[in-house]
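Line order of the protein sequences matches chains A and B.
For the first sequence, this note's numbering begins at 1 and goes up steadily by one.
For the second sequence, this note's numbering begins at 1001 and goes up steadily by one.
Think of the hints as simulated: they come from the structure by calculation, not from any bench.
Just so you know, these numbers come straight off a predicted model, no measurement behind them.
By construction, the Cβ of each residue, glycine as well, lies at the ideal position given by its N, Cα and C atoms.
So the derived label-pair ranges between C-beta atoms look like this:
| no. | chain 1 | residue 1 | chain 2 | residue 2 | range |
| --- | --- | --- | --- | --- | --- |
| 1 | B | 1348 | A | 187 | 48 to 58 Å |
| 2 | A | 19 | B | 1257 | 24 to 34 Å |
| 3 | B | 1327 | A | 85 | 39 to 49 Å |
| 4 | A | 72 | B | 1194 | 55 to 65 Å |
Partner residues are not named here, just some residues of chain B that face chain A (Cβ under 10 Å, in silico):
| no. | residue |
| --- | --- |
| 5 | 1169 |
| 6 | 1242 |
| 7 | 1244 |
| 8 | 1250 |
| 9 | 1254 |
| 10 | 1255 |
| 11 | 1301 |
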Amino acid sequence: MTLHASDIRHSIGRKTILDGIDLTAQAGAVTAIVGPNGSGKTTLLRILTGEERARGTVTLNGTPVSTANAPRLAAMRGVLPQSSRIAFPFKVAEVVRIGLQSGPHGRQDTLADRALEAVGLDGFADRFYQELSGGEQQRVQLARVLAQVWQPVLNRAPCWLFLDEPVASLDIGHQLGIMQLARDYAVRGGGVIAVMHDLNLTAMFADLIAVMKAGRIIAHGPPGTVMTDAILSDAYGCPLRTSTPPPRGMRYVLPQSAGRVV
Amino acid sequence: MSAASETQAAPTPARARDRRALARQAHAWLALLLLGSCIASLAIGASGASLWSALWHMASGEPLSQLERVVLFDIRLPRTLLGLLVGAALAVSGTVLQGLFRNPLADPGIVGVSAGAGLGAIGAIVLGASLPAAIREVAGMYLVPIAAFAGSWLSVMLLYGVATHRGRTSVATMLLAGLALTALTGALAGILVYAADDQQLRDLTFWQMGSLAGATWSKILTAGPLILLALLGAAFLGRALNGLAMGEATAMHLGIHVQRAKNLAVLAVAAATGAAVAVSGGIGFVGIVVPHLLRLATGPDHGPLLINAALLGGALLIWADVAARVIIAPAELPIGIVTAVLGAPVFLWILLRRRGVLDL
Chain A
1 MTLHASDIRH SIGRKTILDG IDLTAQAGAV TAIVGPNGSG KTTLLRILTG EERARGTVTL
61 NGTPVSTANA PRLAAMRGVL PQSSRIAFPF KVAEVVRIGL QSGPHGRQDT LADRALEAVG
121 LDGFADRFYQ ELSGGEQQRV QLARVLAQVW QPVLNRAPCW LFLDEPVASL DIGHQLGIMQ
181 LARDYAVRGG GVIAVMHDLN LTAMFADLIA VMKAGRIIAH GPPGTVMTDA ILSDAYGCPL
241 RTSTPPPRGM RYVLPQSAGR VV
Chain B
1001 MSAASETQAA PTPARARDRR ALARQAHAWL ALLLLGSCIA SLAIGASGAS LWSALWHMAS
1061 GEPLSQLERV VLFDIRLPRT LLGLLVGAAL AVSGTVLQGL FRNPLADPGI VGVSAGAGLG
1121 AIGAIVLGAS LPAAIREVAG MYLVPIAAFA GSWLSVMLLY GVATHRGRTS VATMLLAGLA
1181 LTALTGALAG ILVYAADDQQ LRDLTFWQMG SLAGATWSKI LTAGPLILLA LLGAAFLGRA
1241 LNGLAMGEAT AMHLGIHVQR AKNLAVLAVA AATGAAVAVS GGIGFVGIVV PHLLRLATGP
1301 DHGPLLINAA LLGGALLIWA DVAARVIIAP AELPIGIVTA VLGAPVFLWI LLRRRGVLDL
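All chains should be modelled from the sequences, with the hints used to inform the complete structure.
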């Protein structure tokens, strides 16, 4: 079961945002989309989730996303947006329950508590969402998404998490925790698509990386083959050096080793 | 975060303060309050007729006196029912409009929806006579409510188009657009008033005085079905409005048919406000006070909120009408004054408390 996008094209006015994207992602793996600002990452994610229409086709578990109705999609994928403001004074537990009730486990109230625990927010259930810090709000939203598609595999079909910069406003401890959570979801059979900014976290947790530049995918593959000096320097338009530290064999980016220009 | 937390699933103490149970209990308490309000409204009034002696007469099989029959069945009962219907309609309109615009300041009276309905009603009164007889025949007494419905529907659509861009609403734009809409409809209504003849002016004057004082069974029959339909439609919007509180995109990801929900919300607001304005003129602030108090007490979950709003809205308007009747008895205050005295401070209070987070 896969997410399959082929020949996605999108433009706003005369400006081409996406220029023929082909992307296939498997359940059971974390797929990261990286690239510089304005390369089309978030637009691509919106098209993959059905939020925005574009030319080309997207299928999720074989279902065409552009024609599937919202409840059907909601049963198989949760979406974490970049930032979420909420209009009324909802409490944390109520926000998570809104996600829970949108998915297939609507009646299992305890899942809301477990989702909050999973993002490290146990004890926050009775707090008002608006009174939390940005990072805490981000994790409440992730708990909401998790509660919606709690089982990575349901009726032998995988469920999917679409995460737009899931760790952007988090401290390093929670960045690692949330990325591990995404990884666990994939290991248990679910699919994870994440738009990422932090290349080192991406190298650490992603199975596959799609590197975008100016509306195209210029490289796609496991971290070892994609995270090279040449590809990253080209994508981000600045000299970057990657390396592989001895013990675990993971790639990392160290801008310092490329030196300052002046 | 660890795998160990998977097995713990301990109930959190937060459960004790779950607002859902509270909101559900509120259904029963508010229904009781509404029942009590209806009885009070039937019992209290300027004339000497007594509900209790009338009930005693009925129970003991004696015929009612002429005064009792007229005061209770032709004046107080329709007035009470109309208060209930209009109060529920305005409170639910406010709740739905606030959910649709994602902010607590959207009230049909404040953002110009009532004004649009009023323009529709005035148009029907003044121009109705020049319609082809066949149409007048078919529309009959429903002409004014239907025109008011059309006026409020156009207003909501216009307002939404102006204030909402890519799924986000600017509160400032919404309030300013409401201001402009109220001014425009007021001007158009003024032109219509100049065009009206003497009989129409009399009709207009009585209609504009608003209040529930002119309640008749025929008004209940014209407005009732439209209001009940709107309330029924609104009852299905709970989950959608909760989702919309997080923005249109997230609502869609939560499995909500966003466009369908928005259409239903707009129609429900237009029908409820239109019918209420057609029979009672402009009564303000019910739509802002009721949802706000309920959100403070039982939280913003729109499922129970919509039901509680209908119950409390009905009770509030009935009490406002009782107050309007007794404060300067035997004369009457316009009910709009009573609701404004209650509601305008609440509006200012919300503004004061939420100045910082107003722009969503």
